[in-house]
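J.: Here is what each chain is made of, one letter per residue.
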Amino acid sequence: MWVERYGPKSIKDMVGNEETRIGFLKWLKEWKKGSKPALLIGPPGTGKTTLVHLAADELGYNLIELNASDVRTKDKMMQKLGPALSTHSLFDEKSLIFLDEVDGMYYRQDRGGIEFVQELIDSGRVPLVMAANVEDDKKVIKLIRKSKVFRFRRVAPRLVELYIEDILKRNGAKLSKESIRLIVKEAKGDMRAAINTAQSLASLSTEELSSVISSRNLAYSLKESFEAFFNADSQEEAYKALRTSEVPPRDKVRIAYLSVVNSGLSGDTLIKALEKIGEADEIVKMIDTTQEWRLLRYLDRVLAYSLFNTLPKGSVSYSEDDMPWNLKVRMWNEGKVLKDIGRRLSKFLHTSSREAVSIFMPYLLVVLGKDKKSMERFIRLLGLGESALKVMMKEAERVSLKVR
Amino acid sequence: MGRDRFISLMKAGLIYDRSKGFKAEADADLATIASILKTALGGDFEFVPKCFVCNSSVECYLCAYCHICDVKSSTPNCLCDKCMDREDAFAIYSRTLNSRTLMKKIS
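Chains A and F are the protein sequences, given in the same order.
Quick note: the first sequence uses this note's numbering, first residue 2, plus one each step.
Quick note: the second sequence uses this note's numbering, first residue 2, plus one each step.
Incorrect hints may appear among the rest.
Unchecked claim - As a list, the in silico DSSO-like pairs of lysine-lysine whose alpha-carbon atoms are at most 27 Å apart:
(1) A/K241 to A/K314
(2) A/K140 to F/K12
(3) A/K10 to A/K95
(4) F/K73 to A/K149
(5) A/K77 to A/K178
(6) A/K314 to F/K39
(7) A/K13 to F/K39
(8) A/K147 to A/K81
(9) A/K139 to F/K73
(10) A/K77 to F/K73
(11) A/K27 to F/K83
(12) A/K33 to A/K143
(13) A/K13 to F/K83
(14) A/K178 to F/K21
(15) F/K21 to A/K189
(16) F/K24 to A/K13
(17) A/K27 to F/K39
(18) A/K178 to A/K139
(19) A/K149 to F/K12
(20) A/K34 to A/K149
(21) A/K241 to F/K12
(22) F/K83 to A/K170
(23) A/K241 to F/K73
(24) A/K337 to A/K391
(25) A/K175 to A/K34
(26) F/K51 to F/K83
(27) A/K241 to F/K24
(28) A/K224 to F/K73
(29) A/K13 to A/K189
(30) A/K374 to A/K314
(31) A/K13 to A/K175
(32) A/K143 to F/K51
(33) F/K73 to A/K178
(34) A/K178 to A/K30
(35) F/K51 to A/K241
(36) F/K51 to A/K147
(37) F/K51 to F/K39
(38) A/K149 to A/K30
(39) A/K139 to A/K37
Keep in mind that the hints were calculated from the coordinates and are not lab data.
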């Protein structure tokens, strides 16, 4: 794995979080009995674990590590950490205890483990380092009060790019600038994820690579540009978000439409927004038929200057869901009622509810759908009410249309 | 600015130096600082990262990652276009890191 082979071999080889790294090293260098433990908090792939490993190595500590894959009950922890905690060391060895992913410890599963960590903190006999991904976890909040906290941020994209380029160079592998930028965008500041993606892309043939890149790029730039468009502070910013993206025009209109219909906008605003999308769609249609690509310049302007203005800020977010949420809810509710009818019907017909719905229901709908009163009697016979009647009448209408 | 806002800014990790003005610590809570300053100044403002190598301002709006990079939640150091385009960019970054920070403060 490239992560292991090309990962940093010394603290100075790491990228990002420079001041935090320095602060942590200083803490470890100046550690003395009774010092507060260190708590490293930050998103995955920002270098917390790597830093602890390299620091222990560079400062001559024997690292004793317990991570989320270990059983972290009090007994197991005592077993593993006991020798390090004893007052006398046979070889005068310096030990550093590292509890990775402390936010992943649970009271029930890791019986006594959390209490043991508290005892470790209070004893202050050996340097103790803990790492967590989030800081709004109850356990972590408690630890923050008792620890020296080092916060890690996501690594800036340009630094990730720099690092990936260096790894590729060291490995003698080549990827286009476009591929590297895609890796960086997808990694979102997670260096480990970036290295893994780089490794998998570097193993592809040129053809495979170009197909992967184009499909991933399209999906990514669609989301990226529309999120920027919907969250823009001004028309100019909204225009820039669409103009800089290389998304096909039809996809721009499609995403604008799907995002708007899935946003839950109120009546008037929704109508106005759909009208503007309609105007944009007209332009795309015109380009398709006349092949006059110079019209393309108006598409982004229509979306940015007219659609953007109809949308209250923050009211729409990117969506590729091809079915509006209210329609989904309706289908779900109606499905529930139909299931109930099928279950009750199955008792009369001595069959399974699935068979009752799939085999017998269509006939009942054709026969009873012609007369609402007969349908009402049937529904009452099943012990159901108005909502079931509504659903059945609607289904009857649908079936009659199909029969015709 | 007011006393309360000033205290909140300090708690969020801002340092005040009479001669140099405000400076954010590495682990400063930039999102909180931004929201306090936005109210205090009555308008939007942006954090401009500095190039770690040459210390010039990084022009985010020209960057290929401007849509995905949130300066408030990323590491504060970045590289400018000029330094990024250098053949030995990574080596220069490491050297700068070593000479400017690690070597001075740790050893």
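J.: For every hint, state whether the structure bears it out.
T.: Each hint tested on the structure:
1. A/K241 to A/K314: Given pair A/K241, A/K314 holds - Cα atoms ~17 Å apart, limit 27 Å.
2. A/K140 to F/K12: holds, 22 Å
3. A/K10 to A/K95: With a Cα-Cα distance of about 21 Å, the restraint between A/K10 and A/K95 holds, given a limit of 27 Å.
4. F/K73 to A/K149: The given pair, whose Cα atoms are some 22 Å apart, holds under the 27 Å limit.
5. A/K77 to A/K178: Given pair A/K77, A/K178 is violated - Cα atoms ~49 Å apart, limit 27 Å.
6. A/K314 to F/K39: holds, 18 Å
7. A/K13 to F/K39: violated, 36 Å
8. A/K147 to A/K81: holds, 23 Å
9. A/K139 to F/K73: holds, 24 Å
10. A/K77 to F/K73: Measuring from Cα to Cα gives roughly 40 Å; hence the hint is violated.
11. A/K27 to F/K83: violated, 32 Å
12. A/K33 to A/K143: Given that 27 Å is the threshold and the Cα spacing comes to 22 Å, the pair holds.
13. A/K13 to F/K83: holds, 22 Å
14. A/K178 to F/K21: Violated, at about 39 Å.
15. F/K21 to A/K189: With a Cα-Cα distance of about 33 Å, the restraint between F/K21 and A/K189 is violated, given a limit of 27 Å.
16. F/K24 to A/K13: holds, 24 Å
17. A/K27 to F/K39: violated, 34 Å
18. A/K178 to A/K139: violated, 43 Å
19. A/K149 to F/K12: holds, 15 Å
20. A/K34 to A/K149: Given that 27 Å is the threshold and the Cα spacing comes to 14 Å, the pair holds.
21. A/K241 to F/K12: violated, 36 Å
22. F/K83 to A/K170: holds, 20 Å
23. A/K241 to F/K73: Satisfied, since the Cα-Cα distance of roughly 22 Å is no more than 27 Å.
24. A/K337 to A/K391: Within the cut-off at roughly 13 Å; holds.
25. A/K175 to A/K34: Distance of about 50 Å is beyond 27 Å: violated.
26. F/K51 to F/K83: holds, 13 Å
27. A/K241 to F/K24: Judged against 27 Å, a Cα distance of about 31 Å means the pair is violated.
28. A/K224 to F/K73: holds, 21 Å
29. A/K13 to A/K189: Since the Cα atoms of A/K13 and A/K189 sit roughly 22 Å apart, the hinted pair holds (cutoff 27 Å).
30. A/K374 to A/K314: violated, 50 Å
31. A/K13 to A/K175: holds, 25 Å
32. A/K143 to F/K51: Violated, at about 35 Å.
33. F/K73 to A/K178: holds, 26 Å
34. A/K178 to A/K30: violated, 41 Å
35. F/K51 to A/K241: Cα-Cα ~24 Å, so holds.
36. F/K51 to A/K147: violated, 33 Å
37. F/K51 to F/K39: Distance of about 21 Å is within 27 Å: holds.
38. A/K149 to A/K30: Status holds; Cα separation ~14 Å.
39. A/K139 to A/K37: Roughly 19 Å separates the two Cα atoms, so the pair holds.
When held up to the earlier numbered hints, the structure conflicts with 5, 7, 10, 11, 14, 15, 17, 18, 21, 25, 27, 30, 32, 34, 36 and fits the remainder.
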